[in-house]
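Spelled out, the chains give:
Number of protein chains: 2
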Amino acid sequence: MIPVEEARARVLAALSPLGAETIALPEGFGRVLAAPIIARLTQPPADLSAMDGYALRAADAVLGARLKIIGAAPAGHPFGGTIGPGQAVRLFTGSVLPAGADTVLLQEDATLNADVLTVNEAVPPGKHIRRAGQDFAAGDVLIAPGRRLTTRDIGLAAAGNHAWLAVHRRPRVAILATGDEISLPGAPIAPGGIVSSNAHALAAFVTAAGGIPTILPIAADDLGAIAAGADAAQGADLLVTTGGASVGDHDLVAAGLQARGLALDFWKIAMRPGKPLMFGALGALPLLGLPGNPVSALVCAILFLRPAIELLSGLPGDPPALHHAILGAAMKPNDQREDYVRARLQNGVATPFPMQDSGMLRTLAQAQCLIRRPAFQEALEAGAAVEIVLLNEY
Amino acid sequence: MIPVEEARARVLAALSPLGAETIALPEGFGRVLAAPIIARLTQPPADLSAMDGYALRAADAVLGARLKIIGAAPAGHPFGGTIGPGQAVRLFTGSVLPAGADTVLLQEDATLNADVLTVNEAVPPGKHIRRAGQDFAAGDVLIAPGRRLTTRDIGLAAAGNHAWLAVHRRPRVAILATGDEISLPGAPIAPGGIVSSNAHALAAFVTAAGGIPTILPIAADDLGAIAAGADAAQGADLLVTTGGASVGDHDLVAAGLQARGLALDFWKIAMRPGKPLMFGALGALPLLGLPGNPVSALVCAILFLRPAIELLSGLPGDPPALHHAILGAAMKPNDQREDYVRARLQNGVATPFPMQDSGMLRTLAQAQCLIRRPAFQEALEAGAAVEIVLLNEY
Numbered sequence: 001m002i003p004v005e006e007a008r009a010r011v012l013a014a015l016s017p018l019g020a021e022t023i024a025l026p027e028g029f030g031r032v033l034a035a036p037i038i039a040r041l042t043q044p045p046a047d048l049s050a051m052d053g054y055a056l057r058a059a060d061a062v063l064g065a066r067l068k069i070i071g072a073a074p075a076g077h078p079f080g081g082t083i084g085p086g087q088a089v090r091l092f093t094g095s096v097l098p099a100g101a102d103t104v105l106l107q108e109d110a111t112l113n114a115d116v117l118t119v120n121e122a123v124p125p126g127k128h129i130r131r132a133g134q135d136f137a138a139g140d141v142l143i144a145p146g147r148r149l150t151t152r153d154i155g156l157a158a159a160g161n162h163a164w165l166a167v168h169r170r171p172r173v174a175i176l177a178t179g180d181e182i183s184l185p186g187a188p189i190a191p192g193g194i195v196s197s198n199a200h201a202l203a204a205f206v207t208a209a210g211g212i213p214t215i216l217p218i219a220a221d222d223l224g225a226i227a228a229g230a231d232a233a234q235g236a237d238l239l240v241t242t243g244g245a246s247v248g249d250h251d252l253v254a255a256g257l258q259a260r261g262l263a264l265d266f267w268k269i270a271m272r273p274g275k276p277l278m279f280g281a282l283g284a285l286p287l288l289g290l291p292g293n294p295v296s297a298l299v300c301a302i303l304f305l306r307p308a309i310e311l312l313s314g315l316p317g318d319p320p321a322l323h324h325a326i327l328g329a330a331m332k333p334n335d336q337r338e339d340y341v342r343a344r345l346q347n348g349v350a351t352p353f354p355m356q357d358s359g360m361l362r363t364l365a366q367a368q369c370l371i372r373r374p375a376f377q378e379a380l381e382a383g384a385a386v387e388i389v390l391l392n393e394y
Numbered sequence: 001m002i003p004v005e006e007a008r009a010r011v012l013a014a015l016s017p018l019g020a021e022t023i024a025l026p027e028g029f030g031r032v033l034a035a036p037i038i039a040r041l042t043q044p045p046a047d048l049s050a051m052d053g054y055a056l057r058a059a060d061a062v063l064g065a066r067l068k069i070i071g072a073a074p075a076g077h078p079f080g081g082t083i084g085p086g087q088a089v090r091l092f093t094g095s096v097l098p099a100g101a102d103t104v105l106l107q108e109d110a111t112l113n114a115d116v117l118t119v120n121e122a123v124p125p126g127k128h129i130r131r132a133g134q135d136f137a138a139g140d141v142l143i144a145p146g147r148r149l150t151t152r153d154i155g156l157a158a159a160g161n162h163a164w165l166a167v168h169r170r171p172r173v174a175i176l177a178t179g180d181e182i183s184l185p186g187a188p189i190a191p192g193g194i195v196s197s198n199a200h201a202l203a204a205f206v207t208a209a210g211g212i213p214t215i216l217p218i219a220a221d222d223l224g225a226i227a228a229g230a231d232a233a234q235g236a237d238l239l240v241t242t243g244g245a246s247v248g249d250h251d252l253v254a255a256g257l258q259a260r261g262l263a264l265d266f267w268k269i270a271m272r273p274g275k276p277l278m279f280g281a282l283g284a285l286p287l288l289g290l291p292g293n294p295v296s297a298l299v300c301a302i303l304f305l306r307p308a309i310e311l312l313s314g315l316p317g318d319p320p321a322l323h324h325a326i327l328g329a330a331m332k333p334n335d336q337r338e339d340y341v342r343a344r345l346q347n348g349v350a351t352p353f354p355m356q357d358s359g360m361l362r363t364l365a366q367a368q369c370l371i372r373r374p375a376f377q378e379a380l381e382a383g384a385a386v387e388i389v390l391l392n393e394y
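From first to last, the protein sequence lines are chains X and B. Residue 375 in this note's numbering sits at position 375 of the first sequence; the count goes up by one each step and never skips. Residue 172 in this note's numbering sits at position 172 of the second sequence; the count goes up by one each step and never skips.
No lab work stands behind these hints: they were computed from the structure. Hints are not guaranteed to be accurate.
Identical chains share a label here; the pair holds if one copy fits it or two copies do between them.
With a straight-line Cα cutoff of 30 Å, these simulated DSS-like cross-link-like pairs (lysine-lysine) come out [unchecked claim]: (1) Lys127 / Lys275; (2) Lys268 / Lys127; (3) Lys332 / Lys68; (4) Lys127 / Lys68; (5) Lys268 / Lys332; (6) Lys332 / Lys275; (7) Lys127 / Lys332.
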């Protein structure tokens, strides 16, 4: 059994960011940038008015002054002339400041009568002007590579005049659920059998993490079926199996994959739920073998699969963020396995569910957090400080 | 000018959750459930082994006992007989517990020699057994309507034997950017013109909030073009415009929409950035008019558009969550407008960007949070407690 942190480091060390592809700007939300976005123009391109009002010379903008309107400059239609003494030009938010003007009088601070403007409020130079380049200048790096693009980034890339983006390819993740006892929802169920939840939950997980899932047909507990599943995963960037990573006679995934040249890195980690976690490779195809119990599979996905998908996507592959909470009920001492305990979270108080069997998916769905307990942690009283992983993003 | 909270309440009061549609389970991640998911079976369906080992009678599970192996029960292949005194059956994680057995001996606590099992550790009754119905029973409500489905929920719905889900339809949001001065990225730019960022940023925003965006062609500052844009939005659940909600001569959206029967609810709110926010309806089509400045448009989207999309999606339409932070630099007293100030956030300290012009999109992209300042808030010293909206999910 190796510790969680070492296992994650070994998984990440075996992976590299995928190459780039060109996509259209509207497809960019949530993708990871592979090349810097450099401003192709200066924004604003010229000094612009920040308000609706009048362009004029500050020297003329004295209380009671009467100025002659010599034109208008709607946004997108700059005024071609130059403003002289005693003159003003009507403008609007986003209008280019005409030559000769050095300030903007708000429309609510003026009275217009035919083409004569009366100044009702003095204005110093430079008011209500957005200076050229105030937001950015051509050549500026607007967004650095390695960032997952937000809605705001999409706007900024557009403003910098980028219709196309270079992003890391989405990781293709093949999901192979194994077991004679499992059926797909709605399909006939064998005596004593159950409905498979892992494949679809993991497919949603892969999607949420930014990958593209492929759910392979369920493989029976049979060496040939498992080897055939591995063949079907060729072309993927990562193969994820569930079940069969334990030590029982009928845990056959490793054996089945050995027929396809499995190079096993490790297959047992010091955590609960999820001891039988397997990692290795089939040639160039990395393999992450998750436990078959649905809670173990999803908790291991949070700790290992998401960092793996993120690293393939061009991100650092950070472990899940740990937050602080207060324990809501006493807990016994922990053993040699790092423990992730399903809990409710209310007002900063994390209270474990009384039963933690790794087959109980409902408590995982209802939990707001996992309490992380280091190996050999002593008994805890209610009120103790604990670290938690928030589940709302999973 | 009406307060932010009142404006949001009026927007939400005008909207209703959209109807349901049936989708396949793998499409369910992130969708909002419209009907309860009720367990169609009991899970586990029978008493199952939680480990790899041997089923036996606890009365026989005494140190040194030698038992006869009378069969095996791989997961998915229950043992048909009954275990009698002095007998045991090989089983695995997920195997059905055979009749006659009342406990499970771990395989590592036993020695097998041909068909004779030696017990190396005494076991009390009921060990390592997952009881029938321990996770849920047929008829249980597994997931209540009105929840945005997580990866865990998808697994739980599968385990409950649901291949199809009833979810609220995704809101279709038509986006109409207006202005003579704006061009699409890569297209020719008029003198003094800028590249449009709002439409694509808002499309990403709509996607992130769970809606389906349609970007309409940019409408010129022309009554007919704006009315035609409104016509193109028919069939949408919400029309979002940007620009033209202010008071200048060239702010024509309201005028253009009046030709299509605009019923205006309000068009001015007491907030910064974003005073000219418009809300109304074109017949049955609700209309949210966002300001044209890109920062104002996105901040108003956070405060109004996301709650609107969420309400249409079957969620409550909550305002963005407020978190606590420490102010990193002094701030002047606030005026009558509720203020949302772009800031960096490091170790719980929120430091405003020195310039807050609502044309500066780059600072919005770089900000980690918005500091929310109530109207008429007094001056604040560095170190003061402030409320923030986190930007990482936008």
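Now for the hints, and whether the structure bears them out:
no. : hint            : verdict
1   : Lys127 / Lys275 : between (66 Å within a copy, 19 Å between copies)
2   : Lys268 / Lys127 : between (67 Å within a copy, 23 Å between copies)
3   : Lys332 / Lys68  : neither (84 Å within a copy, 37 Å between copies)
4   : Lys127 / Lys68  : within (20 Å within a copy, 95 Å between copies)
5   : Lys268 / Lys332 : within (24 Å within a copy, 58 Å between copies)
6   : Lys332 / Lys275 : within (20 Å within a copy, 56 Å between copies)
7   : Lys127 / Lys332 : between (67 Å within a copy, 19 Å between copies)
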